[in-house]
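Knowing the structure of chain A, use the given hints to seat chain B on it.
Each chain, letter by letter, is given below.
There are 2 protein chains.
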Amino acid sequence: MIDCGEGTQMQLLRYKINWNKIEHIFISHLHGDHYLGLMGLLFTMNLNGRAKEINIYAQPDMMDIIELQLRVSSTELRYNIIFHPLQFFNSKILLDDAEIRVKTILLNHRIPTVGFHFTEKRVHRNLNLPVVESFHVPLSFYKNIKQGENYIDDTGNVVKNSELTMEPKPAHTYAYCSDTMYDEAIIDEIRNVNLLYHEATFMSDMEKRAHETFHSTAKQAAIIAKRANVERLLIGHFSSRYINLEPLLAEAQEVFPDTDLAMEGFTFVT
Amino acid sequence: MIDCGEGTQMQLLRYKINWNKIEHIFISHLHGDHYLGLMGLLFTMNLNGRAKEINIYAQPDMMDIIELQLRVSSTELRYNIIFHPLQFFNSKILLDDAEIRVKTILLNHRIPTVGFHFTEKRVHRNLNLPVVESFHVPLSFYKNIKQGENYIDDTGNVVKNSELTMEPKPAHTYAYCSDTMYDEAIIDEIRNVNLLYHEATFMSDMEKRAHETFHSTAKQAAIIAKRANVERLLIGHFSSRYINLEPLLAEAQEVFPDTDLAMEGFTFVT
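Taken in order, these protein sequences are the chains called A and B.
In our numbering, each residue carries its 1-based index in the first sequence increased by 11.
In our numbering, each residue carries its 1-based index in the second sequence increased by 11.
Chain A on its own, in the form it takes in the complex (with noise of 0.2 Å):
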């Protein structure tokens, strides 16, 4: 999870998320709408009894802020939290095992804040099924054949891999940019990524508030996406003071036309 503004838990219910299939979770900076959804999110997972560690990547004091609000409340978890304490003065691997990297992406904003970077990991091939089929290959043996293997019949038949599988899609690499002013220095950080998700806080006409208030405008969000060559532009974290998105949308698009709005509820897949 990329951070957790208030009413998360409530979000997750109405979108049937399964929380305790959370494992990580990344808080950008600790601006009120990036993480005051934690705490009701921690809690409700113990009064639903989780048992499974929770990693939480953060500022320092996002766990100052924990813990006084579990002394506060004389609550003891009954599930552990790994904290992971950011960096804000370069970009670090937070995470790194068999199915995904996650490294930090430095922002510049009013207090430390960071970005994310995921590169998934593509460690099984792809099955090509007509294939598969015609060989009658028992489906216990697929995940076997996924990772490499050969098959061999009843008779002693040999099928190589490289007539059962092929060459896995390339891995998807997203990268979450909130909250930023306009920084040409994250361009060789998300250099390629499929998604890009970058803040459009306001748009040109206000590029001087933009710029007075650490945000970035529509426009800027675009010009990052093309000098970075993303293949696809998510915007969001829109002032509330645009009631109609599409202007934004237009702004962008002027620039990168593979731009999306970020709405609440939307998956988007790449």
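For the record, the hints were derived by calculation from the structure and aren't laboratory data.
Since the model is a prediction, treat every value here as computed from it, not as a measurement.
A couple of the hints might just be wrong.
Residues from chain B that face chain A, not an exhaustive set, calculated with beta carbons under 8 Å [as the list claims (entries may be wrong)]:
hint, residue
1, 41
2, 42
3, 50
4, 54
5, 74
6, 75
7, 77
8, 80
9, 83
10, 121
11, 181
12, 182
Taking lysine-lysine and the BS3-like style, the derived pairs with C-alpha atoms no more than 30 Å apart in a straight line are [stated by the list, open to error]:
hint, chain 1, residue 1, chain 2, residue 2
13, B, 157, B, 180
14, B, 103, B, 132
15, B, 237, B, 219
16, B, 114, B, 237
17, A, 27, B, 237
18, B, 103, A, 63
19, A, 219, B, 63
20, A, 32, A, 219
21, A, 180, A, 32
Yeah, the Cβ is synthetic: ideal placement off N, Cα and C, and Gly gets one too.
Below, chain B without anything else, positioned relative to chain A:
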């Protein structure tokens, strides 16, 4: 405002309640479901330019929680918080002005917890509108007449206040008791109120569990209402195990018929 759970600011928006009118926030105790929305509300009031001070009545740690989060987000509020630390050893008058008197009710919960007793003050007499209109009293005189003055028309005729007004209805009283185990000690503090909100986390078949967790059953809430001779009872704070709430209502109504379920978004007029 009494208590401020996660998502309160969104609910205020949803029900079109102007939060600038909120001058006093009473927090019964520091379990998350009673205060986790406060920080977000304070941040948003600030973002929206609130200048008017706000009074917060809570356990002293609440101010530490607020100050820590203001500090880590480098936020300097544009309005003042007047913080009133609650005491938990005897009930105390928190507020006593021309319109209302508020005092605490000592509750019996796992951590220090109070309820709140509100007495509305009727300082104005009610206009007898048909009479007032028959004398062609200008609108600008209404306020003074409500305050007990006679009306003298252009020709010098005096109309006595007793002709123009009626006794005000008795002041409303409201007691809010959440969270608490069954405790007869509160009966004297809430006697004869027009409206009692009393928590009813469980049904009677879970009375033992209610006691262990310092909560009440629907039946116990009704017994308190009956013994305190209140006019009307609202029950709430139901365990999430109850999807259908009608059995809780039925259990309470068996002891105290004038009971309602405190449902989100409902208004109860006494």
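A quick look at each hint next to the structure:
1. 41: 5 Å, holds
2. 42: At 5 Å from the nearest chain A Cβ, residue 42 of chain B passes the 8 Å test, so the hint holds.
3. 50: Given a least distance of 6 Å, the restraint on residue 50 of chain B holds.
4. 54: 4 Å, holds
5. 74: The hint is violated - residue 74 of chain B has no Cβ within 8 Å of chain A, the shortest such distance being about 11 Å.
6. 75: This interface hint holds because 6 Å falls under the 8 Å limit.
7. 77: Since chain A brings no Cβ nearer than about 11 Å to residue 77 of chain B, farther than 8 Å, the hint is violated.
8. 80: 6 Å, holds
9. 83: At 4 Å from the nearest chain A Cβ, residue 83 of chain B passes the 8 Å test, so the hint holds.
10. 121: 7 Å, holds
11. 181: 39 Å, violated
12. 182: Since the shortest Cβ distance to chain A is 35 Å, the answer is violated.
13. B/157 - B/180: 13 Å, holds
14. B/103 - B/132: 18 Å, holds
15. B/237 - B/219: 22 Å, holds
16. B/114 - B/237: At roughly 21 Å apart (the allowed maximum being 30 Å), residue 237 of chain B and residue 114 of chain B satisfy the hint.
17. A/27 - B/237: With Cα atoms ~41 Å apart, residue 27 of chain A and residue 237 of chain B exceed 30 Å; violated.
18. B/103 - A/63: 44 Å, violated
19. A/219 - B/63: Distance ~29 Å between residue 219 of chain A and residue 63 of chain B Cα, so the pair holds.
20. A/32 - A/219: 42 Å, violated
21. A/180 - A/32: 25 Å, holds
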